[in-house]
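J.: Sequence:
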Amino acid sequence: MTQSVLKLKRFQFGMSLVELMVAMVIGLFLTAGVFTMFNMSSSNVTTTSQFNQLQENGRIALSIMERDITQLGFMGDMTGTDFILGSNTTVDAEISKKDCIGAGLNNATLPNNQPAHFRLLWGDTSTKDGATSLACLSGVKSDTDVLQLKRLIGPTAVANSTGYYVAATSSQAIFFNSGAPSVALPNARVWEYQHHVYYIDEANNTPMLNRKTLTNLGMNNDEQLVEGIENIRFLYGFDDNGDGTPDSFMPASSVTSLMWDNEGFQRLVAIKVYVLVRAIKADSTFTNRCFSR
Numbered sequence: 016m017t018q019s020v021l022k023l024k025r026f027q028f029g030m031s032l033v034e035l036m037v038a039m040v041i042g043l044f045l046t047a048g049v050f051t052m053f054n055m056s057s058s059n060v061t062t063t064s065q066f067n068q069l070q071e072n073g074r075i076a077l078s079i080m081e082r083d084i085t086q087l088g089f090m091g092d093m094t095g096t097d098f099i100l101g102s103n104t105t106v107d108a109e110i111s112k113k114d115c116i117g118a119g120l121n122n123a124t125l126p127n128n129q130p131a132h133f134r135l136l137w138g139d140t141s142t143k144d145g146a147t148s149l150a151c152l153s154g155v156k157s158d159t160d161v162l163q164l165k166r167l168i169g170p171t172a173v174a175n176s177t178g179y180y181v182a183a184t185s186s187q188a189i190f191f192n193s194g195a196p197s198v199a200l201p202n203a204r205v206w207e208y209q210h211h212v213y214y215i216d217e218a219n220n221t222p223m224l225n226r227k228t229l230t231n232l233g234m235n236n237d238e239q240l241v242e243g244i245e246n247i248r249f250l251y252g253f254d255d256n257g258d259g260t261p262d263s264f265m266p267a268s269s270v271t272s273l274m275w276d277n278e279g280f281q282r283l284v285a286i287k288v289y290v291l292v293r294a295i296k297a298d299s300t301f302t303n304r305c306f307s308r
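For the sequence shown, my numbering gives the first residue as 16, with consecutive numbering after it.
The reader is advised that the hints may include incorrect statements.
What the hints assert, rightly or not - Taking CB as the label site, the calculated pair distances span:
1) K112 with A195: 19 to 29 Å
2) I168 with L232: 12 to 22 Å
3) R293 with G101: 48 to 58 Å
4) N67 with N236: 22 to 32 Å
5) Q70 with I99: 40 to 50 Å
6) S157 with F66: 24 to 34 Å
7) T177 with S153: 16 to 26 Å
8) Q65 with P201: 50 to 60 Å
9) F66 with P201: 52 to 62 Å
10) T260 with L100: 32 to 42 Å
11) G88 with T51: 55 to 65 Å
12) K143 with Q70: 21 to 31 Å
No wet-lab data here; the hints were simulated from the structure.
Backbone N, C-alpha and C define an ideal beta-carbon position, used for all residues, glycine too.
Sequences are here, hints too, so could you generate the full structure?
T.: Next up, the structure:
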């Protein structure tokens, strides 16, 4: 029996030029879409990271200052009592190096015998040239606020020559930094004395929250705290009717010498803090759409 074999010819068909061009156009659109989505995602990640950095820097700056501000004026057993040399206060220590002396008669690191209250709080605003009433500061960003605070920390069982301390009872206080006060006060407790000055530094072309801290070398210690702090403003709240709540807030330029010393009817009871934060690196995707006419 003869088997016949049927041979079929197979024809291969390719893409025409028109079909190839259509496919290429579709591919280009798909590629452009994927690239756009990737670019948008990358931009969103960068923006979100910058916002997170801004919020974190602002939070850290406020948190650092909050610790000092909430404890402002705490002077151990002498809290609420003015320090008067020759009466209830003795100063064994001295600032042998640089001191931060603010405006007012009695506004240095340690109490003096000038006829004025010893200022535990004082604020100032730098000029357009970056100058302030505190000669210890340099490189201050122009038109920014400066805050000076003094308080006690502790009590502590050990006092050494690397810092300044106060031995205090409810009626007497001795400032010292030699390891022990010149006179032993019965039932006295020893506290570490802290003097801080907050300001915005722009010496390295990057605005930064800085702080001067009292050490055995005086107010020579500059601490770099938070980068990107563009500006800082303090408003001081005064109680006018004695109920302990602020009735008005004002900048440092409006606070008189009597108000700083709490010698008038108004009492300083609160501080508002405003912080302007900027990113450390420039955003290349930002377009300034503010136009002046």
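J.: Just tell me: holds or violated, for the beta carbon distance of K143 and Q70 against 21 to 31 Å?
T.: 30 Å, holds
J.: Do the beta carbons of S157 and F66 sit within 24 to 34 Å of each other?
T.: With Cβ atoms ~27 Å apart, the hint holds.
J.: Between the beta carbons of R293 and G101, is the distance compatible with 48 to 58 Å?
T.: At roughly 50 Å between Cβ atoms, G101 and R293 fall inside 48 to 58 Å, so the hint holds.
J.: Verify the CB-CB distance for K112 and A195 against the hinted window 19 to 29 Å.
T.: Holds, at about 22 Å.
J.: With 40 to 50 Å as the target window, see if Q70 and I99 comply at their CB atoms.
T.: 46 Å, holds
J.: Holds or violated: the 52 to 62 Å window for the beta-carbon distance between F66 and P201?
T.: 57 Å, holds
J.: Would you say the C-beta atoms of T177 and S153 sit inside 16 to 26 Å of each other?
T.: For S153 against T177, whose Cβ atoms are near 25 Å apart, the range 16 to 26 Å holds.
J.: Go ahead and decide if the range 50 to 60 Å is satisfied by the Cβ distance of Q65 to P201.
T.: Holds: the Cβ-Cβ distance is about 59 Å, inside 50 to 60 Å.
J.: That 55 to 65 Å hint for G88 and T51 (C-beta), does it hold up?
T.: Holds, since G88 and T51 (Cβ atoms, about 58 Å apart) stay within the stated range.
J.: Lying within 12 to 22 Å: is that true of the beta-carbon distance I168 to L232?
T.: The hint (12 to 22 Å, Cβ to Cβ) holds, given that I168 and L232 are roughly 19 Å apart.
J.: Quick check on a hinted range of 32 to 42 Å for T260 and L100, using CB atoms only.
T.: 34 Å, holds
J.: Verify the CB-CB distance for N67 and N236 against the hinted window 22 to 32 Å.
T.: Given a distance of about 31 Å, which is inside 22 to 32 Å, the answer is holds.
In the structure shown, no violation is registered for any of the earlier numbered hints.
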